[in-house]
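Assemble chain R with the ligands onto chain G, guided by the hints.
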Amino acid sequence: MEPILTKRFAVSNAATIDGYMATGGYSTLSKLFTMTPAQVIDEVKASGLRGRGGAGFPAGVKWGFVPKTTGKPIYLCVNADEGEPGTFKDRELMTKDPHALLEGIIITCYALESHTAYIYIRGEMFQELQILQRAIDEAYAKGFLGNKVAGHDFKLDVYMHRGAGAYICGEETALIESLEGKKGQPRIKPPFPAVVGVFGCPTVVNNVETLMAVPYIIEKGAAEYAKIGVGKSTGTKLFSVSGHINKPGNYEIPLGLPFSEFLEKQCGGVWKGRKLKAVIMGGSSVPILTAEEAMKVNLDYESLGAAGTMLGSGGMVIMDDQTCMVTALKILGDFYHHESCGQCTPCREGTGWIQKVLARVVRGEVRPGDCDLLLSVATNMQGRTICVFSDALAMPVKSYIQKFRHEFEDAGKLGLRKGQQIQTWE
Amino acid sequence: MSFKFTNERMKNVEELLTHYPADHKQAALLPILWEVQYQEGWISKEAMVEVARICGCTPAHVQEVVTFYTMYNQEPPAKYHLQVCRNICCWLRGAGETTQYLEEKLGIKPGEMTEDRKFKLSEVECLAACGGGPMMQVNDDYQLNLTRESIDKLLKDLK
Ligand SMILES: Cc1cc2nc3c(=O)[nH]c(=O)nc-3n(C[C@H](O)[C@H](O)[C@H](O)COP(=O)(O)O)c2cc1C
Ligand code: SF4
Ligand code: FES
Numbered sequence: 168m169e170p171i172l173t174k175r176f177a178v179s180n181a182a183t184i185d186g187y188m189a190t191g192g193y194s195t196l197s198k199l200f201t202m203t204p205a206q207v208i209d210e211v212k213a214s215g216l217r218g219r220g221g222a223g224f225p226a227g228v229k230w231g232f233v234p235k236t237t238g239k240p241i242y243l244c245v246n247a248d249e250g251e252p253g254t255f256k257d258r259e260l261m262t263k264d265p266h267a268l269l270e271g272i273i274i275t276c277y278a279l280e281s282h283t284a285y286i287y288i289r290g291e292m293f294q295e296l297q298i299l300q301r302a303i304d305e306a307y308a309k310g311f312l313g314n315k316v317a318g319h320d321f322k323l324d325v326y327m328h329r330g331a332g333a334y335i336c337g338e339e340t341a342l343i344e345s346l347e348g349k350k351g352q353p354r355i356k357p358p359f360p361a362v363v364g365v366f367g368c369p370t371v372v373n374n375v376e377t378l379m380a381v382p383y384i385i386e387k388g389a390a391e392y393a394k395i396g397v398g399k400s401t402g403t404k405l406f407s408v409s410g411h412i413n414k415p416g417n418y419e420i421p422l423g424l425p426f427s428e429f430l431e432k433q434c435g436g437v438w439k440g441r442k443l444k445a446v447i448m449g450g451s452s453v454p455i456l457t458a459e460e461a462m463k464v465n466l467d468y469e470s471l472g473a474a475g476t477m478l479g480s481g482g483m484v485i486m487d488d489q490t491c492m493v494t495a496l497k498i499l500g501d502f503y504h505h506e507s508c509g510q511c512t513p514c515r516e517g518t519g520w521i522q523k524v525l526a527r528v529v530r531g532e533v534r535p536g537d538c539d540l541l542l543s544v545a546t547n548m549q550g551r552t553i554c555v556f557s558d559a560l561a562m563p564v565k566s567y568i569q570k571f572r573h574e575f576e577d578a579g580k581l582g583l584r585k586g587q588q589i590q591t592w593e
Numbered sequence: 125m126s127f128k129f130t131n132e133r134m135k136n137v138e139e140l141l142t143h144y145p146a147d148h149k150q151a152a153l154l155p156i157l158w159e160v161q162y163q164e165g166w167i168s169k170e171a172m173v174e175v176a177r178i179c180g181c182t183p184a185h186v187q188e189v190v191t192f193y194t195m196y197n198q199e200p201p202a203k204y205h206l207q208v209c210r211n212i213c214c215w216l217r218g219a220g221e222t223t224q225y226l227e228e229k230l231g232i233k234p235g236e237m238t239e240d241r242k243f244k245l246s247e248v249e250c251l252a253a254c255g256g257g258p259m260m261q262v263n264d265d266y267q268l269n270l271t272r273e274s275i276d277k278l279l280k281d282l283k
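Residue numbers (our numbering), protein chains in the order written: chain G, 168 to 593; chain R, 125 to 283.
Each hint can be trusted.
Pair by pair, the computed Cβ-Cβ distance ranges are:
| no. | chain 1 | residue 1 | chain 2 | residue 2 | range |
| --- | --- | --- | --- | --- | --- |
| 1 | R | V173 | G | D304 | 27 to 37 Å |
| 2 | G | G531 | R | R272 | 26 to 36 Å |
| 3 | G | Q489 | R | G231 | 30 to 40 Å |
| 4 | R | T130 | G | I298 | 17 to 27 Å |
| 5 | R | T130 | G | Q297 | 13 to 23 Å |
| 6 | G | P234 | R | H143 | 21 to 31 Å |
| 7 | R | H143 | G | T183 | 18 to 28 Å |
| 8 | G | G191 | R | H143 | 22 to 32 Å |
| 9 | R | M134 | G | D304 | 16 to 26 Å |
| 10 | G | P425 | R | K242 | 44 to 54 Å |
A short list of chain R residues far from chain G (calculated; beta carbon distances all over 10 Å):
| no. | residue |
| --- | --- |
| 11 | R133 |
| 12 | G165 |
| 13 | R241 |
| 14 | K242 |
Simulated from the structure, these hints should not be mistaken for laboratory data.
We treat Cβ as the ideally placed atom computed from N, Cα and C, and that holds for glycine.
Chain R extracted, bound-state conformation:
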């Protein structure tokens, strides 16, 4: 399996490279990895090799970076990633029960994916939305003040 940026994406990559000094192309590494993930949904070994070539660093360095950060997917993602905040403020407002409820509804534990790859459940750290706890992030969106009813509705709406 090889990896190639689409022409459209490649334009973004070239633009990103102009944001940093010409002798520090590696600074564009995180943003370019995001471009990979926007295009593919995850970051394959092949993509890492290509990104290393573009940024002028080694594939080993790219892999080190990909694995250090939590948001780069190293496998094809589920359609919907439900990330429940487990940190202190959300816990004070019942995040433990929120997770339990989702576990029951989806039949999976945190860290797992449903068999049809539709849902992945994760517990994550504070998402800077503590005033709306318990809360979770579903793909790019925040869902605040979760209740059983709002979770039921949300899961129904996620087709």
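Only chain G is shown next, with the shape it has when bound in the complex:
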């Protein structure tokens, strides 16, 4: 497979504009300006490219929702808030190939007839912010941004906007609120951002990885892109692999690759020669799979959906046979409780309840009925909140308990204590 997103990872100076242009960078722009914006949208629609931020919504379809005749400016917000536990692809993409993101932004803004893009970057990523700012400055100096993009009659400004520490700001409407200088609290949808987004104007929010796939689609054509992958899961995707694995890191693979093959051939298998116990396939917010389930799936949206989980952000977490599932879930409970924005009662209270019960279970103080209590709290958190953050804890809770119930029930007998169940640091 020819790499698309990672093709410059081995090029040492790819982050500079000279290194980028020497490897074909910004060359799609000459083709771009022979196309109409509508043609660009059609091409991306035909490619089947789906959003890589978590929800998997077709990018071209989203762009098609933007009304262009309202007289209001149209905005692109680049979601570089990467915070889903297990996910670290956007960070590497932005640092190793920042100009490819800018090229994707230029194409997307041309298609949207947008003249302003904001890159909302996670507050913690200060080095990455500087790398991107340097790339933006270089692009302005060479005329790829500014009043006349690549000498054409198209104006585009790109600005960095630094977040300040809040997982929820990765949710697109919270991101918009935050960009407007407010607390990052999600908005009720509809209206969708495509119609009423930042500053009350039509807005597209796309993930870094999504936008970085766009130059290839324009250069080679939708058909070439759609040849990669399977069915409705076209193209390549980055999986961030971490946990109990021999070779952690980001891997670009064609969608549809069998997990078993990926695990053994590319990631070097489970570490320390141990057995696989469970896998989180797409970031901490998706239901967990047992080893047996995982070995049967292929890495694409449909296959993972059929297995009762989701591809999500591609944050793949490998757990070996010594992993304590109670502690694992307790860590997620802490995280979601800490990050709930607090607007919705089921989410605010539900994450609190789950966190409290799990903290008790981890101390070994299990009460009869704890599992059912957790399940019922989770059920009450689902489908009744402003955003899906609440579901993002409820779904894992249900899956961990359904699949590893005995570990929760026996936590008292096992006598879990802080530190005891962790055996890995050496």
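Relative to the frame of chain G, chain R with the ligands by itself:
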């Protein structure tokens, strides 16, 4: 204690304001708060009043924003802020022991600062560096694949 941007910083602030529509100056709030923190290391009540004036919003709104986000310091920071990721992937590779080791070495618990204000220890959520776990952020830099030896060396190097 009053707060004033240096001339240099004020230029950045004016530039930042041009990034957003003229009738949405408040959008520059987070970036301008960062300018305060770059200059002072933290964000005082006085600074919030000044930022509110610049952004055309109330000091109460600025305070609400400062307290919502985790990265704005509301007191003078330690010289080195050690932020250990406690989330799932780092935990799988021993983040619990990493924190314990740092606690022992520094004699403080997460959330605390050493008396000489040199080190603050915190436990934070996933920093999008899970492949290099256990890891921590020290001020603006990431330190990956932590071991006892690498922590010993790091603490020695932090003068
Ligand atoms: C709680 C929550 C956190 C999210 N965090 C991120 C994130 O860090 N990065 C991201 O790109 N999308 C994140 N999303 C998804 C965004 O809401 C949105 O769907 C995405 O940015 C759209 O871009 P895409 O279509 O290119 O994927 C999050 C969603 C939720 C509900
Ligand atoms: S579901 Fe949770 S995070 Fe989402 S808006 Fe409601 S309270 Fe906030
Ligand atoms: S879990 Fe520690 S960096 Fe992601």
